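Peer 1: Sequence:
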Amino acid sequence: MIIGTTPNTPSALRPPLRLLARVAAILLGVTIIAGLAVTPATVVKGATRIPLTLATYGDPVLEGEVFKDIKAAFEKQYPQYELKIQITPYGEYPSKVLTLFLGGQPPDVFQTWAQYKPSWVQNGMLMDLTKRVESSSVANLSQFIPPAQESVRYQGKIWGTPFDFSAMIWFANLDLLDEAGLPVPPMNWTVDDLEKAATKITRPEAGVWGTMNPVFWGGLNNLQWTYNYTGHYWLTNDGRDVAVDDAGTAKMLRFWYNLVWNHKAAPPPTLTLTAERNEWAGYVGLWEGWLSYFQRLNAALEQRQAKGQSMFRWTVLPFPAGPYGQFDFAQGHMWSIAANNLHPDDAWKLCEWLASREAEEIFIKHRRVQPMRPDARLWELWLNFLPAKQAQTLQVWILKNLYGAGIVRNFNYWPTYNEMAGIMGAHLYSIIADHKPIENEMKAAADEMRKILAREAKRK
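Residues in the sequence shown are numbered from 1 upward in steps of one, following my numbering.
These are calculated hints, taken from the structure and not from any lab test. In this text the structure is predicted, and so the values were computed from the model without any measurement. Incorrect hints may have been included.
Calculated lysine-lysine pairs in the DSSO-like style (CA-CA distance at most 27 Å, straight line) [to be verified]:
1. 264 / 251
2. 157 / 460
3. 307 / 389
4. 157 / 349
5. 436 / 389
6. 251 / 443
7. 84 / 96
8. 458 / 443
Work the whole structure out from these sequences, hints included.
Peer 2: Shown next as structure tokens:
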């Protein structure tokens, strides 16, 4: 699944591992979930093939197509292995991986989401792959764009091979900018530029909005805005205290509150834009989203063409600069091996190959991921659904102005992120929907979050 639709589901992964193991043992008894037990070796033409399991998530039909090709390519290069693919609905995926790990029969290689990397590392689930990755000519991190390299690191070690990396950017509807008499914002545009442009673009009588409010959704959208305003995320940079009750965070939230309620340049929380009147339909001037949303815009083009309608013109921008800086949020998932894997050398063959250029090209052909290497051919392949001139312009922008400019920063979650996200979401909603005072709500959120930090400190 392309980042942007990746689940951000809270999970209770922090209880002591021994306790979880006892619970899992009761649930599992002596039998692993049907269909997921270790597969016996298969004899093909007189040769014994070693079974390997690969666990991922998503729709079995959609994911089945790409992993059918992955299986064929891997087995062609490594005929001594028989690759078994396990595809689990994403809502069930983290708990299933955990259950199999606790039962002592984890998949040989499985996908670790960015949100779960800290917890799974601290709970001892993931194997340290630092030496293997650093000595590999196939998966060495020097081949990847710098922020993708960071996506597999945690606390100075490497816990997987890169997969499904993306950055968040801003999109601009050029037609709406023209109608408002505005130029395309420059690369160094600021939050003040966004405020002025969004206010001028907005035409309530026509259902046209200047922008969309991302920060009161909470989660990762809020995190990047917090950083560009303050230089920190929800915690202090050393992770020892909560920082959401500082003046910088309040200033950022007030900026967006004013855009929604005073300038009326973004939809209020009580209004849900319909498919006929949203950003993809051409009714929003400036909005943020994942780099992979190029494909959603192309899908909108095809839908409009089918109806005999023209498509609005669009372009891309970096995040607007805030008081602290101008950085773009990014995250990536990874392929990992369980710490209790009984045959890590075999599992590494698969984990390494999944980070190869050959595997990456297969995933890109199926529109499963975007490139993680600064490889022009791979980016051409990923963008080939767009008109040639537009594809070339976007490729140059991505490699030069986005990843090449040093403004993309990989975000590393912390173990209690999911729990704190729930707290932030509730208080942010009270501000934007119930008009509660910003400082009061952020102080209350900080107090609740500090209790979590104190609880975790006692566990250590």
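Peer 1: Evaluate each hint against the coordinates.
Peer 2: The hints, checked one at a time:
1. 264 / 251: 18 Å, holds
2. 157 / 460: 20 Å, holds
3. 307 / 389: Measuring from Cα to Cα gives roughly 25 Å; hence the hint holds.
4. 157 / 349: 19 Å, holds
5. 436 / 389: 49 Å, violated
6. 251 / 443: Between residue 251 and residue 443 the Cα gap is close to 14 Å, so the pair holds against 27 Å.
7. 84 / 96: Holds: residue 84 and residue 96 sit about 16 Å apart, inside 27 Å.
8. 458 / 443: 23 Å, holds
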